[in-house]
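If you're matching them up, the sequences are chains A and B in order.
When we follow our numbering, the leftmost residue of the first sequence carries the number 1, and every step to the right adds one.
When we follow our numbering, the leftmost residue of the second sequence carries the number 1, and every step to the right adds one.
It should be emphasised that the hints constitute simulated quantities derived from the structure, not laboratory data.
You can't tell identical chains apart in this list, so a pair holds if it fits in one copy or across any two.
The list that follows gives simulated cross-link-like pairs (lysine to aspartate or glutamate, EDC-like), each with its CA atoms no further than 16 Å apart:
1) LYS688 with ASP802
2) LYS774 with GLU762
3) LYS660 with GLU621
4) LYS348 with ASP811
5) LYS688 with ASP799
6) LYS310 with ASP744
7) LYS565 with ASP469
8) LYS758 with GLU771
There are 2 protein chains.
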Amino acid sequence: FQDGQRKVDYVLTYHMKKPGGSRSGRQSMYMLTERAVARSLRFLGDAFNGHEDQKAFRREEFEGKLRDMGLELEKDEDANVSGVGFLKIHAPWNVLCREAEFMKLKLPTKKVYEVKKSRGVVEKISTLISKILEPLHPQFEERQPKNIKHLSHTFSREKQHLQERRTFFKISFLSVNVFFFCAGITSLLGSGVYTAAYPLHDVSDKIQPHTYYNICLDELLYEEWANYSVFYKYQPIGLVRKYFGEKIGLYFAWLGLYTQMLIPASLVGIIVFLYGCATVNDDIPSMEICHPKTNITMCPQCDQVCSYWKLSTACGTARASHLFDNPATVFFSIFMALWAAMFMEHWKRRQMRLNYEWDLTGFEDEEDHPRAEYEFRVMQKSMRKDRKSQHKEEKLTCQDRLPAYMTNIVMMLLMIGVTFAILFGVILYRISMKAALHMSSSPITRNNVQLTVKTTAAIINLVVILILDEVYGAFARWLTVLEAPKTEKSFEERLIFKTFILKFFNAFTPIIYIAFFRGRYGSFFFFFYNFLLYNILFSYRMEECAHGGCLMELCIQLSITMLGKQLIQNNLFEIGVPKLKKLIRYIRSKQGAFQEEERQKKLQRYEIDHFLEPFGGLTPEYMEMIIQFGFVTLFVASFPLAPLFALLNNIIEIRLDAKKFVAELRRPVAARAQDIGIWYNILRGVAKVAVIINAFVISFTSDFIPRMVYQYMYSPDGSMHGFVNHTLSYFNTSHFQEGKETMDPLLLGYPVDICRYKDYREPPWSETPYEISKEFWTVLAVRLAFVIVFQNVVMLMNDIVDWLIPDIPKDTSLQIHKEKILLVDLFMKEEQCKTYMHQSTASPSDYDHCCRSKNSTAAHPRSRPNNPNIGS
Amino acid sequence: FQDGQRKVDYVLTYHMKKPGGSRSGRQSMYMLTERAVARSLRFLGDAFNGHEDQKAFRREEFEGKLRDMGLELEKDEDANVSGVGFLKIHAPWNVLCREAEFMKLKLPTKKVYEVKKSRGVVEKISTLISKILEPLHPQFEERQPKNIKHLSHTFSREKQHLQERRTFFKISFLSVNVFFFCAGITSLLGSGVYTAAYPLHDVSDKIQPHTYYNICLDELLYEEWANYSVFYKYQPIGLVRKYFGEKIGLYFAWLGLYTQMLIPASLVGIIVFLYGCATVNDDIPSMEICHPKTNITMCPQCDQVCSYWKLSTACGTARASHLFDNPATVFFSIFMALWAAMFMEHWKRRQMRLNYEWDLTGFEDEEDHPRAEYEFRVMQKSMRKDRKSQHKEEKLTCQDRLPAYMTNIVMMLLMIGVTFAILFGVILYRISMKAALHMSSSPITRNNVQLTVKTTAAIINLVVILILDEVYGAFARWLTVLEAPKTEKSFEERLIFKTFILKFFNAFTPIIYIAFFRGRYGSFFFFFYNFLLYNILFSYRMEECAHGGCLMELCIQLSITMLGKQLIQNNLFEIGVPKLKKLIRYIRSKQGAFQEEERQKKLQRYEIDHFLEPFGGLTPEYMEMIIQFGFVTLFVASFPLAPLFALLNNIIEIRLDAKKFVAELRRPVAARAQDIGIWYNILRGVAKVAVIINAFVISFTSDFIPRMVYQYMYSPDGSMHGFVNHTLSYFNTSHFQEGKETMDPLLLGYPVDICRYKDYREPPWSETPYEISKEFWTVLAVRLAFVIVFQNVVMLMNDIVDWLIPDIPKDTSLQIHKEKILLVDLFMKEEQCKTYMHQSTASPSDYDHCCRSKNSTAAHPRSRPNNPNIGS
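Produce the complete structure using the sequences and hints provided.
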């Protein structure tokens, strides 16, 4: 504030049409304790749509309410930023206390107790580990004594003297409170009465009491957190929470745990990959394919333009496939399914521990604020109905919402349809490109057909995914607005759900197609034999996988999508776009370069913050990570290096996000949260789907099951020798349909009578030529059995992991228990004191002895000024 | 108490070696408010093992502690019951208040608000429904105004004047409190210092304030609840909870909901069964079997003693099978899987609603009391270690527990092994009986072979199950005691888990064998072709199912097990055994018939209660229901009438349990609980397993899949004609192994060259005779595919049900929200009053106006006596 004493806790900005109004710069202070949030809210709903004049009127009204609630306001309209008025808000000490009591905020008390450590071997090991991990912890934490914990208790003004004064001023607490007051602000922001609302970043003006061990939080965060050079360290989550509030703290804690958990996953992934590399020369099927004596003539891979080819030319692909298609992959996908379950469990524990450390355990969810749009809709409805019925406070019934719901469902389906259509387009592109390239005369082109087509198709896919991601994001928001959910929370949840569905389909449809449908018409499309698509598309036989399984292609597609998405979305969008926006904003608002520069220096903190990008919520951050989690778990059977790439990305991501939050965004309003909400459910869903998809990838996409079946049922000597021959069926070239035979039958230099193709079908000389053979059904049955066994075993193991790992860490539950006893003790003692006092039987010194003893940990309990905001 | 004023809240009994001691009958009253639970506990642990004299000493010590806590005690040693001393405990008003505050008990305040009902069509419908259901509600509830609800708030002595006085004396609350004091009692009970501890049944001595609208709770419960004539009504759950506490209230609420949910399930089950009956004549395969022209000669069903037989003799079985094996069964098992999910969801909602109505929402779990056994073990250990280390308070480490854990695992496996061994025995019995009966000369015996063997085997199974159930129950307890879990809660959970595992295996192993393994060696044992058992057991081919699928046999086994278990366990054990025990106890304690009779009249309530059966926990009740839930869901595909039988059983069960609780057991200590604990997880587990088992029953046990495959893949005209022929393979009788051919080849009157058997195998004239045919693999693949599809579809539907139905009912969440606002309002007003008072700026009348207005709902807030225990 201008008096240099009170701190600006919160800033509201608004457009001013006529700068230099009559009330500018006037400082106004009122103190009234009447609580009128409920009424002000109702009022806001009533007067929703207004013009500029009305806006000024409504601002005044709102300010009145704020003053009624006991806040102190200051206006600054002739500021250095033209056209923008600032309303600075300060929350005095007693208002904060009142709110803290209403919110049942738990705060540390003065009572300190020692956290006992377990003795014995376990403790030695944990000491050793913590010593090893010592350099990984942020520096400031060393200053805090580790085995001392303050007792926490619900704040109450009557028991204020028990509270620990030093940690009393949690910054998050302040902002939360103020935000609570401004509950009605969202609707005002929505209707343009105010243009922005934000708390201030804490820079060191040295008047604030928010310093942490005499170092400014802001600087500390910049040094210890938003800094690439500390990438190997743990995050200072406690500080982040203090500065940004619990909700953002939980996000970073979650991100940190996820990144941490990726380390073992990527290590195992690398080992699996190396195992594949090491055993590539021992793989009998690929040896057989590559062996120069192998002289198997394969049927053309497409009609007319393709010709017969030698199996040995597929040698490279077969060997590469082995890298990803070996028994270790099966192990790895089971491992990753368990990893996902472990991750969930660990997160639950970490969340519980943080809840305990942050004193959130007893806290019930704050009430939801109804959304302005919803109230507007209700008002419209009640206006329409005004003549029919009397009661005014209505709500939207199912009937009112039906059109919006229908639109939602239809549009969602349409969007998913668009995704499929684009997939179809890419497939057509691939087929036609392949055909065109096959027809080209240059032999080099023809040799590189496979690679060129695959890579370009994957890149096209990637670009489409990136574009649609943005489109779908906007689209989901539009749909949710249309739906008009009642509260902010349900709005957010619905939005997240829609966005997730759309983005998930967008990211994974092409991959699922490649994994399960491409070239699988033998098994899958058997049942749809007369299906239209079959004749149009699959009779081309263009979309067959190269020999060695489709796993290789899946892998290429996956790596390009994942890496591309991460690189482009992270670097381009997350770093580039905000900078660009800031630049544009800067250019727009500047009136002259020189003036601007000069003004910059004079700007107050709240004016500087006004130029920062507003905080847009955590949804995009979470969404990005969840999609990445999908890449890591869903198709991990085909791409064991996915966790490694994710790990590398996340190490950068954490610091990138940190930088963004500290320096490039307006400080977000600190929100309390006990958990990560709907994201946890989405994670669980992804992990569940991952089990099924991995089961199918292993049994249908990889060659694992056919190999097993061959080895144990058909192999004459129990080895893999002859496997390649076994998987290839015979085709009599004289049986080619009219117009389907190859145009270049003599490409290999000799006429071909019998060619081979990859399928389990009867040979031409059997009674039922080209019918599906018994081997096919055998392999299919084993594949399906594998899916059932895999799915149920992994689900069972997940349940066991879930059951074995308690949700609440043992030390935390012990500590909670202990705290409870100590608290009861504390209050018992105090009560006795009171009884003594009332009865007046004990001497005063006795009372002193009894009651002061509790406070003895703090030297002078009341020597500090009562309102630290004014002091110092 | 003897003064006739104060109420006996709790009674402890103990053995007296020397009746008429010096201190008998003395009445002692002390009041001290020092709290020493923690210390007394520690003390109890120290002095664990003592003799009779020590016991008396420890009793005195314990009584001292109780008095320290502010309780009033009265001893009654020269009572009418010889050898038993009674210690009566009364908890005075202020002690109760103190404890209520510590426990953060939520109690209704005087503030009343109206529950708004939704308007419109929905409301009309719900009014209509509630009018229809009116007669089903217990009578007393009508007196309570329905749309008025008291605000609840955490009890605090400072705000006592706000609390609603009338409902203040919840009986459960009283007992809970007293029990809380007696936290150390369990260890004393365990070591025999006291023999029993129980609160009293409320009979109408007219001194208690616990009457509910002037009618005694006890009588009301007897009339409206523990009465077979009200079986069609809802239970008065509110009363049950008031009388027995939340834990038992929740059990009956759960049982009630389960029974209620069984109504639609049994209705649909009956419809499915009727559909089977109606279509039995349209079933083509059974028509083909029964058709007199069918002249298929079947191979002998066992070696040597059996002979060839005509397929048409299996007509009856085939027709009966259709009753349970028709397409409606598939629908029904999907329905039941969803039903189970719905049941879970409904229970979650009901639980939430009850939590809200019973003011348990904010309540955190009470601390666990360490078990006496655990403390004893810890003591033993620390004694042993005494010389080595100094610190005394130890805990059992993993190392200490290792032997117990190992024993547990080994014994559990052994027990499960016993179950399997018994199953094996029954199988052997069945085989040998069959062979013996086949060899008998009487043709009538031979005709009834199937039925006789099946039924006797099922009855043997049932008897074994019943006996083992009891054995396993005792066994699980022994194992858990051995394990020495730390707290009561973990003891209970471990015990429940073990008992459940053992009883579950016991009940379902024979059924699972029949469903999946019997006669399935074709499909299942193919992979274990050289397996030892195969040669010993399955080459007998005795355990083949009759034609028409094993479903029929499964059904017989299921119905006998389920009905028998219910009838015998319910009627014999639950009614008979307690009566018997009571009788024995009566006989034992009586010294002469006449004396006894006379004494009965003089007996005090606490002495009468002493003769009742002690309350043994809810575990057996829950266990019975969970096993029944297993029968209803696990194999519902084979026995659609299971829900009906369960429903009939439960209607009786509720009233039976009610009677038991009201009249035959000592009143249990009221325990608070928010949920049904581990039972919910077990229910979820059973529901999950049910999905998989039903999938397997439909695809492997029933003929559903082979029929589908035949109809859509092999049938020449798309109908079921020829299905029977398709499923039978050919066997050349000259290929019989040495010693395996039938001894009576001409039983049918003609020599047989080719006989048929039920399997998919190549005919003798193929290239690979008797090898598994392509059809087999086709059917197997489709079966497995069905399992995958069924399982995942049902799981997905379950998840959707879970997601669609919110956990907290909408009206409850609205009410909670409303209450919160009202509470804040209330406190705000009060605070303003205080401010006025402090500032003394407002006139006293103003204050009066402001503060009295809140209390206006109660006419004279302080006119009632402060301690209603003493008054009246």
